[in-house]
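Peer 1: Here the protein sequences come in this chain order: F and X. Going left to right, the first sequence walks through residues 954 to 1054 as our numbering numbers them. Going left to right, the second sequence walks through residues 954 to 1054 as our numbering numbers them.
Some hints here could point you the wrong way.
[As the list claims (entries may be wrong)] Residues from chain F that face chain X, not an exhaustive set, calculated with beta carbons under 7 angstroms: (1) K995; (2) A998; (3) G999; (4) A1006; (5) E1051.
[What the hints assert, rightly or not] In silico DSS-like pairs for lysine-lysine, Cα to Cα no more than 30 angstroms straight-line: (6) X/K966 x X/K982; (7) X/K990 x F/K1053; (8) F/K990 x X/K1053; (9) F/K982 x X/K982; (10) F/K989 x X/K989; (11) X/K989 x X/K1053; (12) F/K990 x F/K966; (13) F/K966 x F/K995; (14) X/K966 x X/K989; (15) X/K990 x F/K982; (16) X/K982 x F/K990; (17) F/K989 x F/K966; (18) X/K1053 x F/K1053; (19) F/K1053 x X/K966; (20) X/K982 x F/K995; (21) F/K990 x X/K989; (22) F/K989 x F/K1053; (23) X/K966 x F/K982; (24) F/K982 x F/K995; (25) F/K982 x F/K1053; (26) F/K966 x X/K966; (27) X/K1053 x X/K990; (28) F/K995 x X/K1053; (29) F/K989 x X/K1053; (30) X/K989 x F/K1053; (31) F/K982 x F/K966; (32) X/K990 x F/K990; (33) X/K1053 x F/K966; (34) F/K1053 x F/K995; (35) F/K1053 x X/K982; (36) X/K982 x F/K966.
Honestly, the hints are just simulated from the structure, not real lab data. Just so it is clear, CB atoms sit at the ideal spot from N, CA and C, and this is done for glycine as well.
Chain by chain, the residues run as shown.
Protein chains: 2
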Amino acid sequence: MIKVGVFYPQSEKFDWDYYLNRHTPLIQKLLAPALKKVDIEKGIAGGAPGTAATYQTVCNLHFDSVEVFQTAFAPHASAIMGDIPNYTDAQPIVQIGEVKM
Amino acid sequence: MIKVGVFYPQSEKFDWDYYLNRHTPLIQKLLAPALKKVDIEKGIAGGAPGTAATYQTVCNLHFDSVEVFQTAFAPHASAIMGDIPNYTDAQPIVQIGEVKM
Chain F
954 MIKVGVFYPQ SEKFDWDYYL NRHTPLIQKL LAPALKKVDI EKGIAGGAPG TAATYQTVCN
1014 LHFDSVEVFQ TAFAPHASAI MGDIPNYTDA QPIVQIGEVK M
Chain X
954 MIKVGVFYPQ SEKFDWDYYL NRHTPLIQKL LAPALKKVDI EKGIAGGAPG TAATYQTVCN
1014 LHFDSVEVFQ TAFAPHASAI MGDIPNYTDA QPIVQIGEVK M
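Make the full structure from the sequences, and use the hints.
Peer 2: As structure tokens, this is what we get:
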């Protein structure tokens, strides 16, 4: 099992309504049935007292393998990436992680 | 529900055996029963082809609330933080996130 992690650094704009109600359903539709699960969290505080979270939003997309993700994502990459400016001006960091636990 | 995310940037040293078999059981013991779940992933690739993951390791600790986490963590902060140099020289980024999905 792998996760595709998408980390959005703090920025001026993040439209949670659009993100949860339009962008997320879009990726769920386009990446089905390869996409097993979506986790989304809103950064509310940093580790040190009084600090902000480094990432305003963290999203994790769960797939069975890197190959399954790539095969599902490739035909829809433009539609998915092109939708990002509709809800944020942040440039997300993306990485793939192997689930260990 | 909240997650405490611990993101370890790439560094020289990360002892996976120690981390999974000694550090993680230590925090599970010290933070029980407040700690509901631990997710751990190993960064294997960045978002762009041929790039490395920004974070070599990502850990998420799940708690019912920020208050529950802080109450459980405070008495054991030194023991937990003091164990980090035993498995890595990375300086982890820590943040608290509210689970939205």
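Peer 1: For every hint, state whether the structure bears it out.
Peer 2: Consistency of the hints with the structure:
no.: 1; hint: K995; in the structure: holds (5 angstroms)
no.: 2; hint: A998; in the structure: holds (4 angstroms)
no.: 3; hint: G999; in the structure: holds (5 angstroms)
no.: 4; hint: A1006; in the structure: holds (4 angstroms)
no.: 5; hint: E1051; in the structure: holds (5 angstroms)
no.: 6; hint: X/K966 x X/K982; in the structure: holds (25 angstroms)
no.: 7; hint: X/K990 x F/K1053; in the structure: holds (13 angstroms)
no.: 8; hint: F/K990 x X/K1053; in the structure: holds (13 angstroms)
no.: 9; hint: F/K982 x X/K982; in the structure: violated (40 angstroms)
no.: 10; hint: F/K989 x X/K989; in the structure: holds (22 angstroms)
no.: 11; hint: X/K989 x X/K1053; in the structure: holds (17 angstroms)
no.: 12; hint: F/K990 x F/K966; in the structure: holds (26 angstroms)
no.: 13; hint: F/K966 x F/K995; in the structure: holds (14 angstroms)
no.: 14; hint: X/K966 x X/K989; in the structure: holds (28 angstroms)
no.: 15; hint: X/K990 x F/K982; in the structure: holds (28 angstroms)
no.: 16; hint: X/K982 x F/K990; in the structure: holds (28 angstroms)
no.: 17; hint: F/K989 x F/K966; in the structure: holds (28 angstroms)
no.: 18; hint: X/K1053 x F/K1053; in the structure: holds (23 angstroms)
no.: 19; hint: F/K1053 x X/K966; in the structure: holds (18 angstroms)
no.: 20; hint: X/K982 x F/K995; in the structure: holds (27 angstroms)
no.: 21; hint: F/K990 x X/K989; in the structure: holds (19 angstroms)
no.: 22; hint: F/K989 x F/K1053; in the structure: holds (17 angstroms)
no.: 23; hint: X/K966 x F/K982; in the structure: violated (40 angstroms)
no.: 24; hint: F/K982 x F/K995; in the structure: holds (22 angstroms)
no.: 25; hint: F/K982 x F/K1053; in the structure: holds (27 angstroms)
no.: 26; hint: F/K966 x X/K966; in the structure: violated (37 angstroms)
no.: 27; hint: X/K1053 x X/K990; in the structure: holds (16 angstroms)
no.: 28; hint: F/K995 x X/K1053; in the structure: holds (7 angstroms)
no.: 29; hint: F/K989 x X/K1053; in the structure: holds (17 angstroms)
no.: 30; hint: X/K989 x F/K1053; in the structure: holds (17 angstroms)
no.: 31; hint: F/K982 x F/K966; in the structure: holds (25 angstroms)
no.: 32; hint: X/K990 x F/K990; in the structure: holds (17 angstroms)
no.: 33; hint: X/K1053 x F/K966; in the structure: holds (18 angstroms)
no.: 34; hint: F/K1053 x F/K995; in the structure: holds (23 angstroms)
no.: 35; hint: F/K1053 x X/K982; in the structure: holds (19 angstroms)
no.: 36; hint: X/K982 x F/K966; in the structure: violated (40 angstroms)
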